[in-house]
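**Student:** Assemble the dimeric complex from its two separately framed chains, guided by the hints.
Read off the chains here:
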Amino acid sequence: MKISKEIKLELYKKMVLIRTFETAASKIFAAGEMPGFIHLVLGEEAMCAGTVVPLRKDDCIFTTHRGHGHCVVKGADLKRMMAELFGRIDGCCRGRAGSMHFADIESGCMGSNGVVGQGIPIAIGVAYAQKYRKTDAVTVVFFGDGACGTGSFHEGINMAAVMKLPTIFVCHNNLYAQMTSIKWHSPIENISDRALGYGIPGESIDGNDVFKVYETFCKALKQAREGKGPTLIEGKTYRWHGHFEGDPCKYRPEGELEEWMKREPLKLCEAHLKKENLITDDEIKKITEEAEARVEEAANFARKSPIPEVEEIFKDIYA
Amino acid sequence: MSEKKLINFLWSVNEGIKEEMRRDPNVCLFGEDVATVGGPFGLTRGILDEFGPERVQDTPISEGAIVGMAIGAASVGLRPICEIMFMNFITLCTDQLYNQAAKMRWMFGGQIKLPMVVRTLTAGGYGAGPHHSSTLEAWYAHTPGLKVVMPATSHDAKGLIKAAIRDDNPVLYIEPLTSYRIKGEIPTDEYIVPIGKADVKKEGTDVTILSIGRMLERAQKAVDKLAQEGINAELIDLLTVNPLDMETIYQSVKKTNRLIIIHEATKICGVGAEIAADIAENLLDYLDAPIKRVCPPFTHVAFQPALEEAYMPQVDEVVKSAKEMMG
Numbered sequence: 001m002k003i004s005k006e007i008k009l010e011l012y013k014k015m016v017l018i019r020t021f022e023t024a025a026s027k028i029f030a031a032g033e034m035p036g037f038i039h040l041v042l043g044e045e046a047m048c049a050g051t052v053v054p055l056r057k058d059d060c061i062f063t064t065h066r067g068h069g070h071c072v073v074k075g076a077d078l079k080r081m082m083a084e085l086f087g088r089i090d091g092c093c094r095g096r097a098g099s100m101h102f103a104d105i106e107s108g109c110m111g112s113n114g115v116v117g118q119g120i121p122i123a124i125g126v127a128y129a130q131k132y133r134k135t136d137a138v139t140v141v142f143f144g145d146g147a148c149g150t151g152s153f154h155e156g157i158n159m160a161a162v163m164k165l166p167t168i169f170v171c172h173n174n175l176y177a178q179m180t181s182i183k184w185h186s187p188i189e190n191i192s193d194r195a196l197g198y199g200i201p202g203e204s205i206d207g208n209d210v211f212k213v214y215e216t217f218c219k220a221l222k223q224a225r226e227g228k229g230p231t232l233i234e235g236k237t238y239r240w241h242g243h244f245e246g247d248p249c250k251y252r253p254e255g256e257l258e259e260w261m262k263r264e265p266l267k268l269c270e271a272h273l274k275k276e277n278l279i280t281d282d283e284i285k286k287i288t289e290e291a292e293a294r295v296e297e298a299a300n301f302a303r304k305s306p307i308p309e310v311e312e313i314f315k316d317i318y319a
Numbered sequence: 001m002s003e004k005k006l007i008n009f010l011w012s013v014n015e016g017i018k019e020e021m022r023r024d025p026n027v028c029l030f031g032e033d034v035a036t037v038g039g040p041f042g043l044t045r046g047i048l049d050e051f052g053p054e055r056v057q058d059t060p061i062s063e064g065a066i067v068g069m070a071i072g073a074a075s076v077g078l079r080p081i082c083e084i085m086f087m088n089f090i091t092l093c094t095d096q097l098y099n100q101a102a103k104m105r106w107m108f109g110g111q112i113k114l115p116m117v118v119r120t121l122t123a124g125g126y127g128a129g130p131h132h133s134s135t136l137e138a139w140y141a142h143t144p145g146l147k148v149v150m151p152a153t154s155h156d157a158k159g160l161i162k163a164a165i166r167d168d169n170p171v172l173y174i175e176p177l178t179s180y181r182i183k184g185e186i187p188t189d190e191y192i193v194p195i196g197k198a199d200v201k202k203e204g205t206d207v208t209i210l211s212i213g214r215m216l217e218r219a220q221k222a223v224d225k226l227a228q229e230g231i232n233a234e235l236i237d238l239l240t241v242n243p244l245d246m247e248t249i250y251q252s253v254k255k256t257n258r259l260i261i262i263h264e265a266t267k268i269c270g271v272g273a274e275i276a277a278d279i280a281e282n283l284l285d286y287l288d289a290p291i292k293r294v295c296p297p298f299t300h301v302a303f304q305p306a307l308e309e310a311y312m313p314q315v316d317e318v319v320k321s322a323k324e325m326m327g
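Taken in order, these protein sequences are the chains called A and B.
Mapping of the first sequence onto our numbering: position 284 corresponds to residue 284, and the numbering continues sequentially without gaps.
Mapping of the second sequence onto our numbering: position 100 corresponds to residue 100, and the numbering continues sequentially without gaps.
Keep in mind that the hints were calculated from the coordinates and are not lab data.
Incorrect hints may appear among the rest.
Beta-carbon label-pair distances, calculated as ranges [unchecked claim]:
1. B:E190 - A:I313: 32 to 42 Å
2. A:R56 - B:A280: 51 to 61 Å
3. A:E311 - B:T91: 31 to 41 Å
4. A:E309 - B:A280: 29 to 39 Å
5. B:G129 - A:R263: 55 to 65 Å
6. B:G129 - A:K262: 22 to 32 Å
7. B:K267 - A:R225: 54 to 64 Å
8. A:A293 - B:G77: 29 to 39 Å
9. A:Q178 - B:D189: 52 to 62 Å
10. A:H185 - B:T91: 19 to 29 Å
11. A:E215 - B:G110: 38 to 48 Å
12. B:G196 - A:Q178: 47 to 57 Å
13. A:V310 - B:Y250: 20 to 30 Å
Every beta carbon over 10 Å from chain A, so not counted as near; a handful from chain B, in silico [claimed, not checked]:
14. D49
15. S62
16. K113
17. H131
18. K147
19. R181
20. T188
21. V200
22. M246
23. N282
24. H300
25. D316
Predicted, not measured: the structure shown is a model, and the values here were computed from it.
Quick reminder that beta carbons are idealized off the backbone N, C-alpha and C, glycines included.
Isolated chain B, as found in the complex (with noise of 0.2 Å):
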């Protein structure tokens, strides 16, 4: 049994990218504010002194060129990682992300891979207002040829920054600030989250409440809140959101025949709809309550806290569903 270690989200990211690049040469990372300074909010601390400028680069403020030259270098055999530092600033990228990369491999008709990350971040739950606090996952969950992953504790987040760095496809890898400083265990020897796999956190047998990215938390304060009322929810954290893992899902909702999904992204047309949709289509007779998504509305994150905080989804709401669901 691998011995354990405490250590907060953002070292997490920092040693699995550290570790990759030891492992494999081709491994780089560039981005604005990345090497001299560390990240932004220093999650790449270290990284220049240990690997060197080569390998270690400070970029412009060139969100488009930095995708672009990602995926130039990963056409040819590099693997790099870059980083755009907040995620509403991918919409600065998006053709590179959505026209080029997304598609380069099926377009040229399998002549090249694009093993690359963007490390992207949001930052809701921090008062930093419309531009800095979107959670876009839905867009390139909509994007064949990209995957998507929105780990929310510092097991996840190693596990599968490796997994990204060794992915032969263009992953996006999506970060919630909110994390960063929390603390979570993981194991001190190497491991690897595969990709395109929910992690069930919980077991449970009365209702399955679906959790992306850093609502994880508040998931989990749902489910502390419904054990108190005897029910016994299980939580799944969707970890990946393209491709998506609805075997997991399928699996959870023939158990407990009841769904509830949350996630910071605007309720119409998220990741939720599609599973929904999905369960609708193919599971409906095992339902035995509507599929609830406790998601917020359809308007922007503002910079002033209380009313940031009204848009976010809420512990009450998923309580309050569950045990409506369960009558």
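So that you can see chain A by itself, here it is in the shape it has in the complex (with noise of 0.2 Å):
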């Protein structure tokens, strides 16, 4: 597949504006301004902007716990999403949601999730409502490793299957399971190897080469489209900062992290788009700043909205 200079470019550039929003999502994190659990996806961009780089406004995105990366590529609004991390009223979930059940519904964000794996089966109803109304878009739905040993996996992408619902299943497989390696949780060192059993395409790639994964989600995206049904896509990838942030990590092998920094995505892209000629170091440089821009201005959004009232609990509990 030719992936063109614009696409390639786009992907760099999501790449980038993840890695910054995350960036500055642990500083914030540890300076104490954003509370409760975050969880992030430094490390893993490649997967989330290879996948939802190609989607249309009306296809739908389901994340995880660890979602803010597919966020921001699907167009959630910067601002308000992280004013939703500081728990501030201008939040896209007026500051209830936090990072680990964010929704931002307008962009096709539908729903983080705290519960592994529990997405799964929310995202199959979306692509049936896709279905029943007779359109091509579809539902992408995010987890990591651990969810595959759930039910929801399991029930999910069988009736998904059964249904032909336009849905595509995609792992990030951090080979953690929270803090359980991988070598424990599965009896497989495939993931995608369990689309024989549900009669679906289902393809492992690496995970931390953008193009890779964008060549590979196309695939699944037409015949999504088509109306030929599922694919489960695995995508072998690492998360730097452990399960959560402040995680310190005791349960990785030593030298397992710098291993995976050596193979980093988004030094990966950059690399293939200098050697293309595609990309000067001062496109890169300017690419980095405005996303620094956008995120700081974010943040200081962010840190000037206000706390939710107490009667905001009471609020929305009934249509």
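**Tutor:** Structure, rendered in structure tokens:
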């Protein structure tokens, strides 16, 4: 598959934006400005950009507790997203959801989820509605390798496969189910092997190679748009900061992070673009500075937004 | 004045679903065995034929995915009705009901609404045993964001299923299997029974008997027996356990000054416990006798019919309690 220069640059820009957003979130959290738990997708940016860049506005995504990256790319407003992470009234969810339960329906970010694997059945429901209405829109659901041990993973993929729903199941295999190595929680090396049991295509790829992710995803997207049913994609990748922000990562073998950092997704992409003369150092600097300015603006917006009034907890319990 | 017709509970729900599906193309139906065979007990017969496979679908045995799929579909504007065959199987979709459906609108700051119905069945009284006979409404009465209704008659079954389908919130609709074949009168014209409103089935002055779900039949028998003994009981069918219609109960207790609650779920932490506590908090001065709960003991429902019946609230216990209260 030939990927155009425009798409390649777009993938790069989106990865920079995710990296910048997450780096800022990490610092802000460490400074004590962000309440609760946050889980960062640093190191897994290629999986977010390569899958969400090809989507249309009317396509929907469901993400996980580690969900900022997908939402940033899908088009969630950065200011309102950051305000949500800060727990402020101008957040997309009026400060009730925070990082882990974030949603921005307008942009098709249909929900992060605090319970591992549980977004999968809900995602197939949106796909059910897309099919019901005879549109060619699709729903993408992200999850980690840990979710593959849940009943929802099995029930959701099986149901979507039986009904040929326009769903794409994307697994960020970052080698850990919370803090337990995949060696201990999965009997197989490739999560995508499970696709065979559902009679759907499955592919395991290098999740740090954004172009490979993009290319693989586009195949699945075409199949889903044409009404031919779901695909399971597994990208092998690595989370730099462990499970949650502040995780001391004592379960990691020595040198594992360093090994993965050698093949970190943003630098891999950058090297490719430079090799093909698609980008200059000046352009890289400009892209980075632009992302930093946007994220800084978002953080300042969040800081200025008020903490919600107590009355907020009594609103929206029922429609 | 509207004409009336006799219809059993099962066909009454069926009619309600079909009417709403004719009215709104966003209403769809899925669950285990609901399409081709028309439901494990025949309740959804004819719906596939009338509305076709796009709107009526059988699913794998995947309770979590069934409810999850309903949530997703509802979040983008469909009005799905899904079925969890027996209420005991609700344990398999508890995350979807409790963490997802109930919280989603609130959690997302009101960005979405979830117009969906989860129909389920309690098989108490059928010798169906510990895995099919539980009555678990208390779990979801305790859950903000859900609505929970428990009709016991044909009239209320149809009126409430229509209200549930039109409601913009997730509604858990609990049907008693023992009522399925019981006929009752319903209007031939369209009607709705509102969610969140208890129904005074018979007015009285001496004691309030508050019934939940299929215990209505037993409560009715107790009311008749008490009448023979000169005690004029008021009979209320709660109909909705979430949100509770305390106002109707208050009005009745203010009048009768005595309250007996009968339900099929275990007494400890059952819905009756909440109602009794609420009355104690707010209406204690009106009570002429302690509140009485005629509810099952803290054990499970046996398959053995004699043991199952031993678990169930007894008509005579209601009668005895009422007489004691009257002094």
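**Student:** Does each hint fit the structure? Answer for all of them.
**Tutor:** Verification of the hints:
no. : hint                        : verdict
1   : B:E190 - A:I313: 32 to 42 Å : 38 Å, holds
2   : A:R56 - B:A280: 51 to 61 Å  : 58 Å, holds
3   : A:E311 - B:T91: 31 to 41 Å  : 35 Å, holds
4   : A:E309 - B:A280: 29 to 39 Å : 32 Å, holds
5   : B:G129 - A:R263: 55 to 65 Å : 57 Å, holds
6   : B:G129 - A:K262: 22 to 32 Å : 60 Å, violated
7   : B:K267 - A:R225: 54 to 64 Å : 55 Å, holds
8   : A:A293 - B:G77: 29 to 39 Å  : 37 Å, holds
9   : A:Q178 - B:D189: 52 to 62 Å : 57 Å, holds
10  : A:H185 - B:T91: 19 to 29 Å  : 24 Å, holds
11  : A:E215 - B:G110: 38 to 48 Å : 39 Å, holds
12  : B:G196 - A:Q178: 47 to 57 Å : 41 Å, violated
13  : A:V310 - B:Y250: 20 to 30 Å : 28 Å, holds
14  : D49                         : 19 Å, holds
15  : S62                         : 4 Å, violated
16  : K113                        : 4 Å, violated
17  : H131                        : 18 Å, holds
18  : K147                        : 8 Å, violated
19  : R181                        : 32 Å, holds
20  : T188                        : 31 Å, holds
21  : V200                        : 25 Å, holds
22  : M246                        : 17 Å, holds
23  : N282                        : 20 Å, holds
24  : H300                        : 24 Å, holds
25  : D316                        : 40 Å, holds
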